[in-house]
Amino acid sequence: MKLWPLRRANGDAAAATVTAVPRGQPHKQVLRPVRPVFIWASLAAGLALDLLPWGRTPLVPDFLALGLVFWNVHQPRRVGMGAAFLFGLLMDVHDGALFGEHALAYTLLSYGAIALHRRIQWVPVTSQSPYVLALLLVAQLASAAVRLWVGGASSNWWVGLTESAVGALLWPLVTWILFAPQRRSINRDETRPI
Amino acid sequence: MEYGPPPLFNQGVSARARLAFFSFLAILLIVIDARVNVLDTIRIGVGVMLYPVQRVLLWPRDALTHAGRYLVTVGSLTHENAQLRESATERAAQLLQDEQLRLENAHLRQLQGLRERTGAKTQSVQVLYEPRDRFTHKLVIDRGSSDGLRSGNPVIDEQGVVGQVTRVFPMVSEVTMVTERDQSIPVEVVRNGLRCVAFGGSEPGTLELRFLAANADVSSGDAVVTSGLDGLYPAGLPVGTIARVERDVKDQFARVIVRPAGGVNANSVLVVLEVTAAPLPAPSRENLHNERPVRRSARQ
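Each protein sequence line maps, in turn, to chains A and B.
For the first sequence, numbering that gives the first Met the number 0 gives the first residue as 0, with consecutive numbering after it.
For the second sequence, numbering that gives the first Met the number 0 gives the first residue as 0, with consecutive numbering after it.
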């Protein structure tokens, strides 16, 4: 397997910043430490967005899954598979699915994100989307496999896979929103208009 | 970013071990939930905990629909009013006739000494939301076990059978649509009284009449109603109309696709019939003795 070539001489410094900035950009921002309250609040917001009565509206991504991928990639020490599992159980009850179906999907998603987190952080945000797409697809296929195994799936279940594509397209936006509190500058600018 | 300890030091249980543990737990839960009902107490507990959150999150949608309704123009309201009045006058004559027929029917039944058909207790319910599940089609309604709903109660709308209550929580319950693959409902064709069982179709949103002989007398356009043989669905509720019949020479059964009557348009108000399935009478000794010789002769 071909590994990613080390393009930078100062590889350690690149790994220390959270997002890899595009090549050739001299300025690398060192992010502020994340606040755990913000992590859990954002995951709760993702859950709330999923609990909205979307019904069978097509192309609505799984916001909670996106949040879990983000925090598993960027803070794998704080958000792990246990949290993903518990959020999955909540989604199972809300969706009336089999107990453990979303839990299994989110556990796999979380493992994939943790396993790939150094690689994903290495590439620019727009190139991270394919990785995210793959992770979301694996999670959706896992729950589809459970349904096909238990025998309660309708024949057009694969239509739902488009949601993963929408989720992957939203990834840069998600990254921008969830990094916003960490990107604030340390020295408060008193002359700022807002 | 904060700097954690370098990876060569202790990081707790490895990711793979955690993956194995949680996937095993999830698969265990799935298997237990698919086979036995012991997890229902946990599910009800989580459901009760989620209920206030779910209700709060329905507010934005309800506010939007209220705003939409408020902006309905007078023109469309007068139009609708005129239409309703027209249909009311149309139905008035029919209602009078129906009343007469009902009286006549009651009289005839009394004459024949037939048991009066008892009307089931009904409850009108609101649809709260449709779960986002891509694999099954369910509805969540705003009444639960505290209102007397039980798992198995039939659910109808003004056009016909919608489905069946399949899971009850204290405040809400889940309704599985009749078009789901694992649902079945005993029906009869109105035109000739042919009885069969309708199952959820392999095409989404349809029903299928299975085990009808390839030369069975059904054709597209026939109305299909419940036969009431299961003791759960009252007889005569419209289920749908036959959309098409495929008769294959190779196959001994006809493939009959039924378009459902109820649950087609997104109704927000449904009616639950509080029917409890009467257990079938146990076969008496005489019946058993009578049946045995028949079976033997059939085998020979």
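Hint data in this document are derived by calculation from the structure and do not stem from the laboratory.
Using N, Cα and C, we set each Cβ at its ideal position, and we do this for glycine too.
Any given hint could be a false lead.
To be verified - Pairwise CB distance ranges (calculated): (1) G44/B with A40/A: 21 to 27 Å; (2) L94/B with T56/A: 28 to 34 Å; (3) T56/A with S13/B: 54 to 60 Å; (4) E202/B with R118/A: 53 to 59 Å; (5) L85/A with R194/B: 16 to 22 Å; (6) L24/B with P192/A: 48 to 54 Å; (7) S13/B with R34/A: 26 to 32 Å; (8) N104/B with L85/A: 55 to 61 Å; (9) L168/A with D229/B: 47 to 53 Å; (10) T161/A with N104/B: 50 to 56 Å.
Unchecked claim - With the Cβ distance kept under 10 Å, some of the chain B side facing chain A (calculated, not the full set): (11) V248; (12) Q251; (13) I256.
Hints violated by the structure (numbers, ascending): 2, 3, 4, 5, 11, 12 and 13
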